[in-house]
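Sequences and hints are given; from them, build the entire structure.
Line by line, the protein sequences are chains A and B.
Note that my numbering gives residue 133 to position 133 of the first sequence, counting from 1, and the numbers run on in steps of one.
With the second sequence counted from 1, adding 1000 to any position gets you my numbering.
Just so you know, the hints here were simulated from the structure itself, not pulled from any lab data.
Each statement offered as a hint is correct.
With a straight-line cut-off of 27 Å between C-alpha atoms, the simulated DSS-like cross-links for lysine-lysine are:
{"no.": "1", "chain 1": "A", "residue 1": "Lys116", "chain 2": "B", "residue 2": "Lys1218"}
{"no.": "2", "chain 1": "B", "residue 1": "Lys1218", "chain 2": "A", "residue 2": "Lys93"}
{"no.": "3", "chain 1": "A", "residue 1": "Lys93", "chain 2": "A", "residue 2": "Lys129"}
Going by beta-carbon spacing under 10 Å, a handful of chain B positions derived as facing chain A:
{"no.": "4", "residue": "Arg1005"}
{"no.": "5", "residue": "Tyr1006"}
{"no.": "6", "residue": "Ser1017"}
{"no.": "7", "residue": "Glu1203"}
{"no.": "8", "residue": "Glu1205"}
{"no.": "9", "residue": "His1208"}
{"no.": "10", "residue": "Ile1210"}
{"no.": "11", "residue": "Ala1212"}
{"no.": "12", "residue": "Thr1214"}
{"no.": "13", "residue": "Phe1216"}
Using N, Cα and C, we set each Cβ at its ideal position, and we do this for glycine too.
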Amino acid sequence: MIEFYHVSKAYNGWPALHDVSFKIDKGEFVFLTGHSGAGKTTLLRLIFRADAPDEGQILVNNRNLLHLRESEVPYLRRTIGFVFQDFRLLPKKTVFENVALALKVTGMPEGVLRVKVAETLSAVGLGHKPDAMPLTLSAGEQQRVCLARAIVSDPQILLADEPTGNLDADLSGEILELMKSANARGTTVVLATHNRELLKRWRRRVMRLEQGRMAEDRSLEA
Amino acid sequence: MTRLRYLLREAVDNIKSNRTTTFVALATTTFTMLGMGVFLLLYLNVQEALGSLREEIKVIVYLRDTVSPQAVSRVRAEIGQDPAVAGIEYVSREQALATFRAQFPSEERLLSGLGDNPFPASLVVKVSPAYRSSEQVRELVQKLSALSETEEVLYSQDWIENLAVALRYLKALGLGVGMVLAASMVTILANTIRLTLHARRDEIEIMHLIGATTAFIKTPFVLEGALLGGAGALCSLFLLRTLFGLTEAQLALRGTFWGIGRGLVFLPDRVTVAFLLLGIMLGCLGSVVSLLQQRRARS
Ligand SMILES: Nc1ncnc2c1ncn2[C@@H]1O[C@H](COP(=O)(O)OP(=O)(O)O)[C@@H](O)[C@H]1O
Ligand SMILES: [Mg+2]
Chain A
1 MIEFYHVSKA YNGWPALHDV SFKIDKGEFV FLTGHSGAGK TTLLRLIFRA
51 DAPDEGQILV NNRNLLHLRE SEVPYLRRTI GFVFQDFRLL PKKTVFENVA
101 LALKVTGMPE GVLRVKVAET LSAVGLGHKP DAMPLTLSAG EQQRVCLARA
151 IVSDPQILLA DEPTGNLDAD LSGEILELMK SANARGTTVV LATHNRELLK
201 RWRRRVMRLE QGRMAEDRSL EA
Chain B
1001 MTRLRYLLRE AVDNIKSNRT TTFVALATTT FTMLGMGVFL LLYLNVQEAL
1051 GSLREEIKVI VYLRDTVSPQ AVSRVRAEIG QDPAVAGIEY VSREQALATF
1101 RAQFPSEERL LSGLGDNPFP ASLVVKVSPA YRSSEQVREL VQKLSALSET
1151 EEVLYSQDWI ENLAVALRYL KALGLGVGMV LAASMVTILA NTIRLTLHAR
1201 RDEIEIMHLI GATTAFIKTP FVLEGALLGG AGALCSLFLL RTLFGLTEAQ
1251 LALRGTFWGI GRGLVFLPDR VTVAFLLLGI MLGCLGSVVS LLQQRRARS
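In structure tokens, the structure reads:
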């Protein structure tokens, strides 16, 4: 599903990722961990082509991103849900509109769209706040709106960048449960976090980055 | 359909969220298009006037005093054969005198010093519509001058030709001014759209990240330009119509249309529609310019 072959990426000559290789299969749930600045965000951004690597090859869904035309990028991104570390919600649109945007860009008819958005909002526990403005919500709620926007289109891949970064343990647990249920429905999940608690809660494959290198890739069996 | 409605609503949202900028853009667009409209109207009216003047092209053949009535009817018949001639009217010496007296009653004293009747008899020749070019009229005049009964031939062609030349200059000037105005309108709208683009850059980036195509993101901005351009054109048409009405009333009050034709004409429907479309097109162009600039800046 996601394959990295000797991928390197530098910002202004400073390596953020160095010679990283791994393979994630369809339906897997992977924790991506490492200290702040280890390269987690960089790695996730490469997967949905928000950035391009300096070296190496990346395959997503058996498509080499190197050979992806600019006009095909939107279609790649529609198969990937992304939960941003900084939420990235549109402040002037309601919760409902924010989530609906992910479906609108695909040209989904209004009727189906309303149902899907309402379902997803209740799934993340925000069914009662569709008309709220994002900035009036708590951090935990904003994070859940962001998650709802990422999963509303039933993506094949869900990438989450420190989705529990600003949340207390209880809320973190809730978010994790939501991602587990997405995974149970067949979505491949990569969850970047430096929260060790989270790793203990659910034992899954863990990839650890250290200064841009893959320091450890511990699969379930090991 | 849903999509179109969404894109349109986005465009309207853009406009609403930048009221001041939008108002300034709309005002400038309106006055720019008004400028173009005034030129267009001026051109159309001069053209119209020229058309009606051409209809009145007359060639006047003054006959020698010695010509007998029989000779007059022979000349009439002869001239009448010419396909360039649409009609002939004979004005006798007495009629000419009477007309002068009626038109200039105060000049009676002038007449008394000039013997009993200084006016020659004349044939007023109307030119057929198909023979109204300057060369053709000149040819006709030459033919008429060559007749032995002719004393002198007068015609109104010269200053009609001058007016035609003036019209050509007006057209060139109008095109030049129009192009300058159009260019400035595109620039103004491009700037407006650029401000919107800047205000919504975060949003645009997020849309890109969640898989929106470039067309999906850009269409609202193009629509915004089209709406602004169209609205500006519409406002300017209203202003133009008002100005036109005022001018017409003023002229009617003075009882003069400089003796020209049948009064003033407003833009015909076809031109009005074209004018609106022009506004919309220039608006779209403004958006496209700013979107292209932005893309160049990003890459
Ligand atoms: N856009 C950028 N420009 C410059 N440096 C960057 C940029 N993004 C990340 N970096 C650098 O790359 C390294 C990895 O960053 P990041 O992937 O954000 O780490 P993490 O998400 O694990 O905290 C850091 O040293 C960071 O400063
Ligand atoms: Mg990060």
